[in-house]
Amino acid sequence: MREPDPVPKHEPLLARANRPYRVMGQDFAPMTERKPYKKQGVASWYGQRFHGKPTSTGETYDMYQMTAAHPTLPLPSYARVTRLDNG
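Be aware that the sequence shown starts at 0, since it is given in my numbering, and climbs by one per residue.
DEER-style ranges, computed between Cβ atoms: (1) Arg1 to Gln39: 18 to 28 Å; (2) Pro19 to Ala67: 12 to 22 Å; (3) Met30 to Thr81: 13 to 23 Å; (4) Gln47 to Ala16: 19 to 29 Å; (5) Gly57 to Phe27: 16 to 26 Å.
Everything labelled a hint here was simulated from the structure, so no lab data went into it.
Beta carbons are placed, not taken as given, at the ideal position from N, Cα and C, and that holds for glycine.
Produce the complete structure using the sequences and hints provided.
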């Protein structure tokens, strides 16, 4: 079942969620401004294991909502994910 596309709205970037950070010895720096971004890669799903647990921003993860994680896109961001083999 496909969810309708969200309507992007202007929201201020979350300072507490957009600081440089380190995970397993690798450094990441979220983008500090909004600009066009296009990337091809692998998408994955968190699922039940993380359902109801806090995210990095302190919000509760809900596996039934339209949410996503990315190492460098600023929060909040809107992203379109397309499965390339079937559009």
